[in-house]
Amino acid sequence: NAGVMQNPRHLVRRRGQEARLRCSPVKGHSHVYWYRQLPEEGLKFMVYLQKENIIDESGMPKERFSAEFPKEGPSILRIQQVVRGDSAAYFCASSPQTSGQLYTEAFFGQGTRLTVV
Amino acid sequence: GNSVTQMEGPVTLSEEAFLTINCTYTATGYPSLFWYVQYPGEGLQLLLKATKADDKGSNKGFEATYRKETTSFHLEKGSVQVSDSAVYFCALWPGTYKYIFGTGTRLKVLA
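Chains as they are written, first to last, in our numbering: chain G, 17 to 133; chain Y, 54 to 164.
Simulated from the structure, these hints should not be mistaken for lab results. Incorrect hints may have been included.
[Claimed, not checked] Simulated restraints, written as ranges between beta carbons of each label pair:
1) 111(Y) <-> 96(G): 41 to 47 Å
2) 78(G) <-> 56(Y): 20 to 26 Å
3) 108(Y) <-> 32(G): 48 to 54 Å
4) 36(G) <-> 131(Y): 21 to 27 Å
5) 56(G) <-> 55(Y): 20 to 26 Å
6) 161(Y) <-> 87(G): 19 to 25 Å
7) 164(Y) <-> 75(G): 39 to 45 Å
8) 21(G) <-> 70(Y): 33 to 39 Å
9) 34(G) <-> 113(Y): 36 to 42 Å
10) 58(Y) <-> 36(G): 20 to 26 Å
11) 43(G) <-> 109(Y): 29 to 35 Å
12) 57(G) <-> 108(Y): 25 to 31 Å
Note that this is a predicted model, so its numbers are computed, not measured. From the three backbone atoms N, C-alpha and C, an ideal C-beta is built for every residue, glycine too.
Excised from the complex, chain G in its bound form:
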């Protein structure tokens, strides 16, 4: 009965490197969301994905950030050429597809803390 699993829990990258954050949703959930928590701030929506589709990426920076949720495997949030300002906690959430409601309550993972040095 695993919840949303994120790995790694902590990630350190040097400026200019790439960061890959993985999220395995709750089994059977087909909707994935990524949020970012900058230091001393609340969580901010980044992107909403369904299997193989990006539905809303309005909260994601236009450059260097990308997200995917392939047919098989976890969702990946990828940050290229990281800068110090990317240091934050990145949270993933998932929710199921339902036939009744359009959306249902989401379950959040433990987050990945990215530190850029």
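Take the given structure of chain G and dock chain Y to it, following the hints.
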């Protein structure tokens, strides 16, 4: 639009003191309301929730009542412990796919 406003911290209390962390919201429609807790170095944990007006969510001695007339969802606990030291987030789910989070309130409980 939808928004959440939390009281600013940090809040520092002595053990066994009464806790209130204020949260007010603006929303179109009838959102669900949540309190999440984040312990030092940890991820986000759901503490309690309420899905409709006058509902009371409760867990681990914490309570919050969904008040539509005052658009509030204040978090309370009668007697805090050192282990309650954490950051508390109020959040709103308007029934779409975006949660709206407050900025968080840091609680420090002194022995």
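Hint check:
| no. | hint | verdict |
| --- | --- | --- |
| 1 | 111(Y) <-> 96(G): 41 to 47 Å | holds (45 Å) |
| 2 | 78(G) <-> 56(Y): 20 to 26 Å | holds (24 Å) |
| 3 | 108(Y) <-> 32(G): 48 to 54 Å | holds (49 Å) |
| 4 | 36(G) <-> 131(Y): 21 to 27 Å | violated (45 Å) |
| 5 | 56(G) <-> 55(Y): 20 to 26 Å | holds (22 Å) |
| 6 | 161(Y) <-> 87(G): 19 to 25 Å | violated (46 Å) |
| 7 | 164(Y) <-> 75(G): 39 to 45 Å | holds (40 Å) |
| 8 | 21(G) <-> 70(Y): 33 to 39 Å | holds (37 Å) |
| 9 | 34(G) <-> 113(Y): 36 to 42 Å | holds (40 Å) |
| 10 | 58(Y) <-> 36(G): 20 to 26 Å | violated (35 Å) |
| 11 | 43(G) <-> 109(Y): 29 to 35 Å | holds (31 Å) |
| 12 | 57(G) <-> 108(Y): 25 to 31 Å | holds (28 Å) |
The structure does not agree with the numbered hints 4, 6, 10 stated previously, though it agrees with the rest.
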